[in-house]
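Chains A and B, in that order, are what the protein sequence lines are. Under this note's numbering, the first residue of the first sequence carries the number 1, and numbering increases by one thereafter. Under this note's numbering, the first residue of the second sequence carries the number 468, and numbering increases by one thereafter.
These are calculated hints, taken from the structure and not from any lab test. One or more hints might be untrue.
To be verified - Which residues of chain A face chain B? A partial, calculated answer using Cβ under 8 angstroms:
no. : residue
1   : 99
2   : 175
3   : 214
4   : 241
5   : 340
All residues carry an ideal CB built from backbone N, CA and C; glycine is no exception.
Protein chains: 2
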Amino acid sequence: MQALLTELASLLGNDDLLTEPADCWPYGCDNSRRQLSPIAVAFAREHAQVAEIVRSCARHGVAITARGRGTGTAGAAVPAPGALCLSFERMNRIIDIIPGDRIAIVQPGVMNGELQSACAAHGLFWPPDPSSAAYCSVGGNLACNAAGPRAIRYGTARENTLGLLAVSGTGDSLRTGCYTSKGVVGYDLTRLVIGSEGTLALITEATLKLCNIPEARHTLRAAFVDFAAAARALTRVMATPLGVSALEFMDRHAVALIKDLPGIDLPARAGALLIVELDGPRSAMQSEVAALRRALTDDGTLEVRVARSDTQREELWAARKALSPALRNIAPDKINEDVVVPVSKMPKLLEILDSLATRHGITMVNFGHAGNGNIHVNLLTDFGRAGERDKARKCLAQVFEAVLLLQGTLSGEHGIGYDKREFLGLEIEPAALALMKKIKQQFDPAGILNPDKLFVPTQSPPASPAN
Amino acid sequence: MQALLTELASLLGNDDLLTEPADCWPYGCDNSRRQLSPIAVAFAREHAQVAEIVRSCARHGVAITARGRGTGTAGAAVPAPGALCLSFERMNRIIDIIPGDRIAIVQPGVMNGELQSACAAHGLFWPPDPSSAAYCSVGGNLACNAAGPRAIRYGTARENTLGLLAVSGTGDSLRTGCYTSKGVVGYDLTRLVIGSEGTLALITEATLKLCNIPEARHTLRAAFVDFAAAARALTRVMATPLGVSALEFMDRHAVALIKDLPGIDLPARAGALLIVELDGPRSAMQSEVAALRRALTDDGTLEVRVARSDTQREELWAARKALSPALRNIAPDKINEDVVVPVSKMPKLLEILDSLATRHGITMVNFGHAGNGNIHVNLLTDFGRAGERDKARKCLAQVFEAVLLLQGTLSGEHGIGYDKREFLGLEIEPAALALMKKIKQQFDPAGILNPDKLFVPTQSPPASPAN
């Protein structure tokens, strides 16, 4: 271990290597609230250093957990036991923005929000917009295939990345994809690495596909008597060619939590909310808003409000934004899931969630990206109370079971990390799972890239009875 | 071999197995004009049969080349030597279209055009629109990651497929991806299989992401004095948030070929064309068309025409559609490439193509998807003349060299197949290429799925000097 640290110090210099436990501590956690300090923290500033760090670690048999800004919620950035944390926060240059080609070339440590500002100067944006955009990195976005509300219209990181430069577990440099918006030369390693949570290769540069900022954007908020009414509206909205760029929902538990907060002006009977954003040409907005209002309205609709200004827009979103702090106030612990079901099956899933909440005596609050069927299921709990952790765990297993029965998936945008690896086998069938593990071995034969994430570690073979 | 055929006959019945050389002959070619008859043609009708066929072939060490409708241009569907042709043309059911979830579940043999008609009944469409849409299959589209003009706005097959059912080279069933428009559970095997030209797994079912048909669509055609003027217009168009759903170009050689044909009404001085389609809300069309007309216009623009009816729309596209027959008339042989460069580098590439054409004494005609920088370079030649084949080959190698120097890619939508496999190493660096081959081995350890495609076959090791 000391030999590795000596190598890293000579490679990076002392300023870019942390070895004191107190310095390493903050690099031991992410938003999953897990904590395990790395043996050291290395800050890379360029591709060649990353390749060198990987080769050093491979020689010394030390694992590497790559880190963007630690905003992930599934534990992917929490160091594996005995791992080095390779932080990309100082490898944070926007290398180029080429408006004529609508691409940006960036290092992985660039913050999402910073990239958006730089692109906006050219009338462009990069679609992935996780709620942590201001303080999460593009590299982390790619490692976890981040999305956000805009995914309904513009897709996730996988649909908005053209190519990568990366370092495999052997320290080899991999150039994947291309600089163009089309390309079919060889296998698609770009999308394979995106969403692989640092287990296949470490991304050191990305060529991102940008979009033109639309001329106009409008926000509407509709309150419904119950989710069934919201779901009917959702179906009608999905069936129109309207330029819907966000389609968020809150269920009755979520609405109840924030309804009486100051500044949140909602009908007393509100039992579900949809917040919808439209974008497109300015000349279309009046008729698009009218058409959207019609699609949102039937006898289960209590009101539809349209923002006429940025201030009003903020007011409409306030309901959604008040939710996270409100959740923190009512329960000390929260399990925040992000399951997905086909949009048409959301009413059924919410019904099942209600009955599971009752059966297990756990409060569940649900909201999320309705246009993708992506539901942030929040189990509110208090792990300090005896038996709570176990109860929540059982309930969660039944949530996942229901999601899969409805042809859904266990994670829409948070990923697997540590938190869901034991459930992976519920969704991925054995043949595909075995292939994924074999692919991992090709990228990382020594198994040093973020080991134990995504997959449950293979148990050591049982001792032979002969011994 | 006879043992395999007996097994296949008992599995499929005699009607779904062709063994007579005359019957097999039509299954030996694709649009690359290569021809090599398969040892037999098996028609699968369901997933289980495909798995069984693969297992039989694996047992007997016989290769399999899967076939949609043989419209590919790179030879991917031309049987490998000694291979069985597994045709999907009778496995052609649309299993389900679910408008509320905007998905279609299809068998691979469904024709692209047939799928579009079925989707249109629900106000939906599947974005990939190769020019062969009426007679190519969705399975072939997926195997080659097909695209077409709409890719500029809606993406290629990879951006519009949610999940697959497939059979690996070991006969294992692989379920990849999901039924939802978001999902990050495990590695992205869906995109890995898409575009792999039948070398990793055989697709037996696909869950496709559909889009709402836009309310309105308008077509404009602009004629320019030269490509430099067209390129300036292209840059201006790309910088607007206009809803451009196709952005096609023809260079001066292409324009010269069709300018004087009956029904093609073009300015005498026309040296380049752009054909642009806009789609979006009806209420926006008037101002969008006006804005597009402005973006298309400077002092190098000769005219901008706007189609006011379907008939006029057909007239504007007539210029583009007359091109393929015109090409056939002037040269017996044609090498049709589909290189891509960043949009901003198209003028430079066209300049280089012109000088290569002069240097090699080969006529080159260029057109394609300008919005993606995807250029169909056509080398017109006559292989009957001595030395022509060699000359074309040398010229082509220099075209590829120029494309890669401009940060382009060798194929935007046609793929590699047989035709470009020897050039793969020019674009894909050794580490990535080695990984691709290792991934192939995991999916297909016996190497029976479309061997010799994509990669140049590994040579036998040289005889040891000791022997």
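For each hint, the structure was consulted:
no. : hint : verdict
1   : 99   : 6 angstroms, holds
2   : 175  : 5 angstroms, holds
3   : 214  : 5 angstroms, holds
4   : 241  : 4 angstroms, holds
5   : 340  : 4 angstroms, holds
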